[in-house]
Every structure is written in C-alpha cells, then in structure tokens.
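Assemble the complex: chain A is given as a structure, and chain B must be docked to it using the hints.
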Amino acid sequence: MNFDFSEEQNQLREALGRLLDRGYEFGRRKQIIASDAGWSRELWRQLAELGALSFALPEAHGGAGGTAIDTLVVMEALGRRLVVEPYVPAIVLGAGLVARAGSDAQRAHLLTRVASGYHLLALAHDEPDSRYELARVATRARADGAGFVLDGTKTVVLGGSAADTLIVSARTAGEPGDPDGISLFLVDAGAPGVSRLGYQTQDNHRAADVTLGGVRVGGDALLGPAGGGAALVEHAIEHGIAAVCGEALGVMAMLVELTASYVKTRKQFGVPIGSFQALQHRLADMLMRVESARSMTYLLATTVDSADAAARRRTTAAAKAIVSQAGRFVGQGAIQLHGGIGVTDEAPVSHYFKRMTVITMMFGDADHHLARFSDLMERGA
Amino acid sequence: MDLRYTAEEQQFRTEVRGFIDAQLPPDISDKVLRGKHLQREDWLRWHRLLHQRGWSTPNWPTEFGGPGWNAAQQHIFEDECADAGAPPLMPFGIRMVAPVIMAFGSRVQQDRFLPRIRSGDHWWAQGYSEPGSGSDLASLRMRAERRGDAYVCNGQKTWTTLAQYADWIFCLVRTAPDRKPQQGISFLLIDMKTPGVTVRPIYTLDGEAEVNEVWFEDVEVPVDNLVGEENQGWTYAKYLLGHERTGNAGVGNCKRWLKMLKHIATEQKASGRRLIDEPRFRDRIAQVEIELMALDVTMMRVIAMELAKRAPGPEASILKVQGSEIQQTLTELMMHALGPRALPFQPAALEVGYAGPLAGPDYAVPVTGRYLNHRKASIYAGSNEIQRNIIAKHLLGL
Numbered sequence: 000m001n002f003d004f005s006e007e008q009n010q011l012r013e014a015l016g017r018l019l020d021r022g023y024e025f026g027r028r029k030q031i032i033a034s035d036a037g038w039s040r041e042l043w044r045q046l047a048e049l050g051a052l053s054f055a056l057p058e059a060h061g062g063a064g065g066t067a068i069d070t071l072v073v074m075e076a077l078g079r080r081l082v083v084e085p086y087v088p089a090i091v092l093g094a095g096l097v098a099r100a101g102s103d104a105q106r107a108h109l110l111t112r113v114a115s116g117y118h119l120l121a122l123a124h125d126e127p128d129s130r131y132e133l134a135r136v137a138t139r140a141r142a143d144g145a146g147f148v149l150d151g152t153k154t155v156v157l158g159g160s161a162a163d164t165l166i167v168s169a170r171t172a173g174e175p176g177d178p179d180g181i182s183l184f185l186v187d188a189g190a191p192g193v194s195r196l197g198y199q200t201q202d203n204h205r206a207a208d209v210t211l212g213g214v215r216v217g218g219d220a221l222l223g224p225a226g227g228g229a230a231l232v233e234h235a236i237e238h239g240i241a242a243v244c245g246e247a248l249g250v251m252a253m254l255v256e257l258t259a260s261y262v263k264t265r266k267q268f269g270v271p272i273g274s275f276q277a278l279q280h281r282l283a284d285m286l287m288r289v290e291s292a293r294s295m296t297y298l299l300a301t302t303v304d305s306a307d308a309a310a311r312r313r314t315t316a317a318a319k320a321i322v323s324q325a326g327r328f329v330g331q332g333a334i335q336l337h338g339g340i341g342v343t344d345e346a347p348v349s350h351y352f353k354r355m356t357v358i359t360m361m362f363g364d365a366d367h368h369l370a371r372f373s374d375l376m377e378r379g380a
Numbered sequence: 000m001d002l003r004y005t006a007e008e009q010q011f012r013t014e015v016r017g018f019i020d021a022q023l024p025p026d027i028s029d030k031v032l033r034g035k036h037l038q039r040e041d042w043l044r045w046h047r048l049l050h051q052r053g054w055s056t057p058n059w060p061t062e063f064g065g066p067g068w069n070a071a072q073q074h075i076f077e078d079e080c081a082d083a084g085a086p087p088l089m090p091f092g093i094r095m096v097a098p099v100i101m102a103f104g105s106r107v108q109q110d111r112f113l114p115r116i117r118s119g120d121h122w123w124a125q126g127y128s129e130p131g132s133g134s135d136l137a138s139l140r141m142r143a144e145r146r147g148d149a150y151v152c153n154g155q156k157t158w159t160t161l162a163q164y165a166d167w168i169f170c171l172v173r174t175a176p177d178r179k180p181q182q183g184i185s186f187l188l189i190d191m192k193t194p195g196v197t198v199r200p201i202y203t204l205d206g207e208a209e210v211n212e213v214w215f216e217d218v219e220v221p222v223d224n225l226v227g228e229e230n231q232g233w234t235y236a237k238y239l240l241g242h243e244r245t246g247n248a249g250v251g252n253c254k255r256w257l258k259m260l261k262h263i264a265t266e267q268k269a270s271g272r273r274l275i276d277e278p279r280f281r282d283r284i285a286q287v288e289i290e291l292m293a294l295d296v297t298m299m300r301v302i303a304m305e306l307a308k309r310a311p312g313p314e315a316s317i318l319k320v321q322g323s324e325i326q327q328t329l330t331e332l333m334m335h336a337l338g339p340r341a342l343p344f345q346p347a348a349l350e351v352g353y354a355g356p357l358a359g360p361d362y363a364v365p366v367t368g369r370y371l372n373h374r375k376a377s378i379y380a381g382s383n384e385i386q387r388n389i390i391a392k393h394l395l396g397l
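Protein chains in written order, with numbering that gives the first Met the number 0: chain A, 0 to 380; chain B, 0 to 397.
These aren't lab readings, by the way, just hints derived from the structure by calculation. Note that the Cβ used here is the ideal one computed from N, Cα and C, for glycine as well. It is possible that part of the hints are untrue.
Straight-line alpha carbon distances no greater than 25 Å define the calculated BS3-like cross-link-like pairs of lysine-lysine that follow [what the hints assert, rightly or not]:
1) B:Lys375 - B:Lys30
2) B:Lys308 - A:Lys263
3) B:Lys308 - B:Lys392
4) B:Lys237 - B:Lys308
5) B:Lys308 - A:Lys266
6) B:Lys375 - B:Lys261
Some chain B residues flagged as far from chain A (calculated, every beta-carbon gap over 10 Å) [claimed, not checked]:
7) Tyr4
8) Leu23
9) Thr157
10) Ala307
Okay, chain A solo, but in the shape it has when bound (with noise of 0.2 Å):
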C-alpha cells in the first residue's frame, strides 16, 4: 500500500507545471479563449513535446505505456491552470479508444500522430436523447457494400469542432437502449455529409453538435468489433471520469488556496474575515471535501485500468459522485467566501468555478452516478 508518485510522475509534474507557469497564466488563457478557435495549437504542441500527450499510450506508438496514474498527474496539473485544450476528448477518450480497440493499421495510422499534437480525435457518442445513458444510440449504421453508411446527431462533442477524426457510435443492430448492436467508426471529420455546430461551452472550452446525413465510411473504419461498442465506450467513459476527477483535484485545491488567500487578505469590521469563525468553518468544510475527493480519485486511478469490469464499475460511479458533489460544494463556497468579487468575470475563482461546474455534470452527474452505485448495490435476492 503506497500513495507515492513515481520519479517519473513526480518529473512529468513539475515540467507542466513550469511549462503552464510560464505559459498559461491567467492573462494568456484569457486570450486563447477569446481566439477564433479558443484554444492554442502552440500550447497543444509544447505538451507533445513534453510527452504529455503520449505518456498513457502503447510504447509501440511513440507513447511510454503508462497507466491511469499518469493521466492524473497530467491532468491535476492541468486543472490548476485551468487547462482549454482537448485533452480529454483527444487522448483520454479518443487516443485511448484507438490504443484499446483498435487494429494495428488503425493504431500505426493515428496514434504517433496524435501523441506529436498533429492530429486530434474526438468521441462523438451523446445524442438528443441520451442523456447520460451510454447505451441509447439511435444513430444508424448501415451496411453499403464493404463499407457503412452513417445517419444521426451527436450533440455535446466534446472537442468536435477541431477533431480531425470523429470516432462515430452508431448502430449495426438492435434499438436505442439495447447494449449490444454499437459499433464504433473513425470518421474523417471533413467528410461529405459531416456538417457541425461549433459553440464554446460555459466554461470556455470547445465542443460541437455533429450531424451525420449519409455519411460514407469504407469497412476499415471499424473500431473494434460490430455491435460490441457498448462495453468499448463504457471503459473510455471510464477513463473520462478518472481523468476529469483527476483535473477536478487541481480545480478544487486552487478555489480552497484562492480563497483561503483570499479571506486573509480582505478586511471587513477592521479585520480579516478570514478571522470569523463562520467563514473558517465552511472552508473547513471545502478542504474537508477536497480530502474525499482526492481518495476516491487515487481509488479509480488505481482500478480503472484494471480488467474487472465490475469492480470498474462500482468503484466509477462511487468516485464521480463524490468528485461531483465535492466540486459543487467547494465551488459554490469559493464564489461565496469571495463576495461581490467572486461573481466577476476578472476573478479568477469565476473561471475555476465554472469549470468545476461542468465536470460535475460531464459523463454523469452526481444523482445519476449516486443511482447507478446503488443500483448496483448488493441485496441479496
């Protein structure tokens, strides 16, 4: 039993860290958010320099063969600068995808690419009226010679509108609900019948609704096996959600170190009201939950790779709950404990808010995954 990170974690850590200090402060960000594309090619490379992109992918692909851990270190880190770039979209869920279900061909085609920053994936899979529930997809795909032919909307793709390659859910048999019958398909982005929304979301970040109207795909765009893409995408939710608790970690130890700065620093009645016991206690009560969070995050890092699908699962919507209930809470102090000055769009804790914000609600929020552990729970016959 050991909670320490490795030499080399520890190395990957401080190098982004220097990296972001350096090259993401709060002025910088503002900037990249307000471009046209609203996140920075540059930024993206300098990652891939840094390995960053590639750590948790095959060794086989340019990548070092590592583990869930290492995509929470890449990703606490990158929460406490308040990170824009698609890292989730393209190498947690997109890259990771393709390392775990892809053919030879189709890792040998992306992955290099996509560890050098020169690439970008995204997972389309959400639609209309999915909801949080991974397996109701209505979107079609329908047999066409070799090849498919792809009909439906994905909303909500996160990192849709830069994705060169859109991995498609879709289905090859059965209706909207069933597990089995989704395939999964590598969609060039800029293919004939792809069209797609772009929009920024409310926490700065990038996403689009993808509609697909007879999209034609050749049989090499398979990812992984017809009609048993539920479990596929199940397991890169999976990953989704230990990577975005891991960033949550890094969004949440940066609202409790702004505003205890904070508290310290602003007088009222003549003092600090960092001095009123009012305010001790409930940021007491964020660092408290920042802990939980922090242990149930290690907890998934440590059992998201592993191969029990049930253990996985458990231990996911455990994790996601706490993680979503924690975000809300510490955020919602943060913003409190700041008065009038938290509310602005110049203080940084607003940002940090807001993106705590939408990792309580991405891949399923607190109720859903509360309902999920417990559905799951044991009860005898």
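Leaving out everything else, chain B in the frame of chain A:
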C-alpha cells in the same frame, strides 16, 4: 501508487483472522454483533486472550512489551477485530495514558503501570473534562495542593467513560492557580480506591450509565504518581491528543454497521416489497456507503503518511469529523429503516438472559439506543466545531 495490501500485509491479516476465529469467545462476539450489553468481564476476557498472544497493546513498541506493529498492521488488526465483533479495546490505558507514561513517566512508573495495562489488571479512566471545562480544557479547576509527600486533590471530573469499572484514573489537575491556565496544570495518576474518590453515574438519553461524574474530596495522591514535571501537564496532554490519530474515525465499526443497515433494509418491508428495493431509501444507503469508501481511503492515506514517518497532525481532525458524521448517519439510517418499529424502547432486552417478550424483531432492539447514544460522536474527543477550528488554523493558515 498502489492501494493494494502487500503480500506480507495479507499474510498478517490471515494470521490475525485465524487467531480471532480460534480465540474470540462466541458469547462475546454474539453480544457485540447483536448490540447487547457488554459487562466489564467481557472486555477483560478478550483483553486477556489478546495478552496471552502479545496483542493486547497493538500500538505499543516492543521495548514496552507491545507487538511493535506499524500503522498498517494496527489498522488491519482493528479492521479484523471490528468485523468479527470483538469488543473494542478500551483506549484509556492502552492509547491514552500509556504513551504519556512511556514518553514522560519515570522508570519506576513505567515498570509499575505498563505491564498492568498490558495484562488488563488495571482498568484506566480519563480525568480531563470538568463541568466548566469542555472545549476550553485549559480552564480546568480541580486542585492538587502539595503537602509533604502527597498532593491533596479536590474537585470534579465529568463525562468519565466507564469510571465505574476503573482501577485508576489519570487526571489533569491545577497545581499553580496563580499562573497562566496552561502553565499551572499537572498530570497525576490516581488510584480509584483512594479515600475521597466518589463515582456517580450520569444517565444519558438512551437510559445508559456509560459516563460518570468523579468527585475528589481531600484525596491524597503520593507525589510519586506525578508524571513528568509539575506544571508541565498541558504539554503531556497535547502530546496525548497528537496520539489519537486514526482511532476516532471508527471505520471498522462503520463497515459492520453498514452491513447491519443493509440487513435491516432487507428484512423490513415498504409498499409490499423489501425496503432495500425502494430506490429512495437505497440511495440514502448508497450515499453513506460512498462516503465511507472515501473515508476508508483517506484513513489509508494517513496510515501511509505514518509508515513514511511523516507525522500526520491536523489530518486526524478530518478523520474525526467525517468518521463521526458517518457513524451518526449510519445509526440514524438504521433507525429509519425500522420506521415505526423503531419506537419500542426495551433496554432490558439488551441484557443477556432476557427472556421476556420482544416488541419487534430481535435486531431492532439496540437500534434506537444506538442512535441516541451516538449523538455523542460529534461532541467527544474534541467537538467537531473544535476540529474545524484546528483544520482552519493548521491546514488553511487562518
């Protein structure tokens, strides 16, 4: 990072489990698992069995006859004991006064008291709180005046857990009333049989007499029973508080109660089906279960800090607050799982040998009393508000 137990730790767990399976008397574990009353002799019987194996003082170094276990081994031992329904080891001797005697006591005191704590010959009580001194402990007023070779003690301690069973009590007493509160306190060991010591039970809201008032009227205590130096008692008390690390979380107990809660919810019916099949109630179980999962890992993180010789200080406050809140949630949910069947209150049925009628199922009998009793958890050992003060001061720098 690797949260799994090592092969050696798993081997250790097997060894502990094997011992408990073979040695824990079934009549005792039956009382614990079914929430019946334990007698002094039940605790002592288990203590002596552990003593024969050299395990009655899990936190002690070998130098003083302890097993020399590291933090992980202690945790595994407690976990297994709680799961099997072993009576908890009384902390007052083993965990409270012993570390102070080891660190600050004389050689004579060590030789006299430590073996008897190990063997169970001396049952200790803690004499800290007074009627006017709860959270503000340093304001305590019990006087000890030096007269020749003795301190003459006058005053009152309160909330003294199981003082009715105790052979000895360690007390914080005021020896220099003219100094600043923290600088006039001494740490005295007092034989409960000394003339002038009176124990009076305090009946709590669950009808129990677990805590007491202890009165001291011209009680003569030999100066040999002073630990360390006169007027340095506050330093020793703080040292002791620093030793109460992970114990207050009660994770092992909580795991057992969670099982019990699920059992009750499986037995009870609602809308014609099992209560546990009712999502609204089951979600409440799920919520406390995930909080307990988080606390369990947080505790392992604190243990890992101890293993790495990084002293966890204020982190223990987090364990205390969260552990007590989870204990209270579990005891409350067990009561709510019973619904109207939680109303009958039959403490007499908790005595072994009770043969009278039961108003409800056997498993329901201890539930309400346990809920009432555990309102204490957020109050004792430093109220949760005091713990939040500690967290704000030491972890947040406020």
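We went through each hint and held it up to the structure:
1. B:Lys375 - B:Lys30: holds (22 Å)
2. B:Lys308 - A:Lys263: violated (31 Å)
3. B:Lys308 - B:Lys392: holds (23 Å)
4. B:Lys237 - B:Lys308: At roughly 19 Å apart (the allowed maximum being 25 Å), Lys308 of chain B and Lys237 of chain B satisfy the hint.
5. B:Lys308 - A:Lys266: violated (39 Å)
6. B:Lys375 - B:Lys261: holds (24 Å)
7. Tyr4: violated (6 Å)
8. Leu23: holds (26 Å)
9. Thr157: holds (26 Å)
10. Ala307: violated (8 Å)
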